[in-house]
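Protein chains: 2
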Amino acid sequence: MGESPMSDESLQLNPRQISPCSIASLDAFAARLHYHRGQEICDDEAASPCWFRVVAGMARRSMVRLSGRRQIVGLLLPGDFFGFSSQSKSFAIEAASDDTIVRSYPRQRLETLAQTDPRIAQFIRSLSSEMISGLEEQILILGRTTAAKKVGSFLVSVTKRLTRDQAGWILLPMSRYDMADYLGLSVETVSRALSELRKSGTIALAGTRQFRILDADAIEEGAVGGSLPRTTPGSRDCEVTVRV
Amino acid sequence: MGESPMSDESLQLNPRQISPCSIASLDAFAARLHYHRGQEICDDEAASPCWFRVVAGMARRSMVRLSGRRQIVGLLLPGDFFGFSSQSKSFAIEAASDDTIVRSYPRQRLETLAQTDPRIAQFIRSLSSEMISGLEEQILILGRTTAAKKVGSFLVSVTKRLTRDQAGWILLPMSRYDMADYLGLSVETVSRALSELRKSGTIALAGTRQFRILDADAIEEGAVGGSLPRTTPGSRDCEVTVRV
DNA sequence: CGTGGAATTGAGCGCGCTCAACGAAGGTGG
DNA sequence: CCACCTTCGTTGAGCGCGCTCAATTCCACG
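In the order they appear, the protein sequences are chains Y and B. Per the working numbering, residue 1 is the first one in the first sequence, and the count goes up by one each step. Per the working numbering, residue 1 is the first one in the second sequence, and the count goes up by one each step.
Among the clues, some could well be false.
For identical chains, the list gives no copy identity; a pair is met inside one copy or between any two copies.
Cross-link-like lysine to aspartate or glutamate pairs, in silico, DMTMM-like; alpha carbons within 20 Å at most [said to hold, decoys possible]: (1) LYS89 <-> GLU220; (2) LYS89 <-> ASP217; (3) LYS89 <-> GLU130; (4) LYS199 <-> GLU137.
To be clear, the hints were calculated from the coordinates, so they are not data collected in a lab. Since this is a predicted model, take the numbers as computed values, not measurements.
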């Protein structure tokens with residue numbers, strides 16, 4: 001569970017169009033924190049006086065219901081920020097893997113800095129935009145019909161955000177329980193869906209934490225541009241697997 | 001399906017802390033558009049040269065998969081903006097009810113305006129923040145276990161965003177099909193869940209489009225602050241309905 | 001080597017989807 | 001005016017998927 005190559009200390013964000021030189025000054029007053037699996041990073045994200053950035057490992061934004069069921073509303077991978085959506089609900093942030101490294105930036109200082117440096121303000125806007133995209137993608141994943149499609153879409157989403165090793169494998173920095181709580185499934189169903197995807201040749205598994213996508217088209221089932229009026233109830237979910 | 005009292009032409013946003021006087025100047029160059037049910041407002045939200053604001057009625061942000069299934073990733077009620085999350089996926093926006101009125105603001109003009117007027121920039125930030133909150137709430141709704149809880153949470157969410165009439169009823173500006181595609185359920189299941197909630201005294205229905213919440217606690221099943229480690233598979237979903 | 005958590009697999013069952021029928025409401029044209 | 005049609009909404013019957021409970025294996029760690 002070491003640091004992946006892309007998640008080093010410098011503020012190199014994945015494919016973001018921000019000039020790193022203007023942001024690198026932020027790390028001057030950023031504490032560097034180290035957490036182990038399950039440790040709480042911040043009790044109430046909305047009330048935190050800091051913004052955070054995941055450097056290595058993984059964190060999860062979660063909420064526990066009275067029923068005891070835990071809902072994970074976000075997985076934070078290296079490069080992701082959190083704590084800057086002020087008026088959101090009260091979510092707890094925990095480290096999901098050992099050796100999770102997080103940098104914290106004092107909120108007050110960044111907000112004043114954003115008022116003078118327009119590049120900082122632009123950077124904050126891009127963070128919000130990226131968070132919106134991530135949440136929309138999560139909604140699309142949660143809206144899939146079957147468990148295999150949910151798990152498959154999730155793996156595709158993770159593939160786009162993590163780097164492969166030299167053999168092409170991607171390391172999942174989370175447990176099956178995390179996946180289950182993120183997807184709204186049970187652990188057993190997640191495990192069964194992974195086995196099903198492996199047997200059908202859609203993905204490949206190496207151990208329990210490494211995978212690779214073999215047939216992305218079989219998962220995506222893309223989208224057609226137009227908008228059907230959806231007046232015929234029988235037309236839904238006919239499950240064709242046509243390539244576009 | 002007329003305009004609700006709160007959704008008049010002036011830019012009064014629900015409980016937002018923005019001074020309306022600084023934003024009212026935006027309506028000077030905003031076209032006012034009128035749509036009927038099912039009509040397409042904007043084919044590709046990300047590529048649109050305009051931002052939009054719903055004045056009356058309702059719009060839906062949707063995507064149609066190859067299977068024919070339609071996924072609604074957002075319901076846009078009076079006061080909601082859309083079109084400003086630039087790098088999001090390509091979603092189609094349609095009017096979901098007759099007499100939907102939308103104002104459109106040229107994107108280029110607002111962005112240049114935001115560079116000179118910090119209040120406009122602050123307003124845009126609050127829009128992003130609000131959108132993030134809405135998406136997180138939708139994720140929480142989609143993550144509920146049973147259909148009745150999904151429908152109930154959805155009604156609670158709608159109640160917070162719409163106004164009651166003098167008798168305390170809330171008018172649903174959408175069909176059962178829209179609710180089903182929003183919640184990832186079938187129309188029949190939505191209908192059954194509504195009947196179940198009505199029979200149990202949780203909600204009251206007047207006709208097919210009016211409702212009111214009678215027992216919000218029975219739906220919410222709130223959240224406890226702490227974070228269980230969730231290492232015991234048996235502790236999930238024990239379905240207690242304790243009041244806090 | 002023993003231990004405990006993680007992961008997988010199987011058996012049984014309940015919830016939600018599918019298919020179907022029916023009723024209500026609105027529109028159109030005779 | 002009523003006959004006819006379409007769309008929406010509700011309810012029932014049957015079934016498949018995912019949850020629950022349980023057993024087993026795997027693996028990291030002391």
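### Task
Of all the hints given earlier, name the ones this structure violates by number, lowest first.
Result: hint 4 breaks, nothing else.
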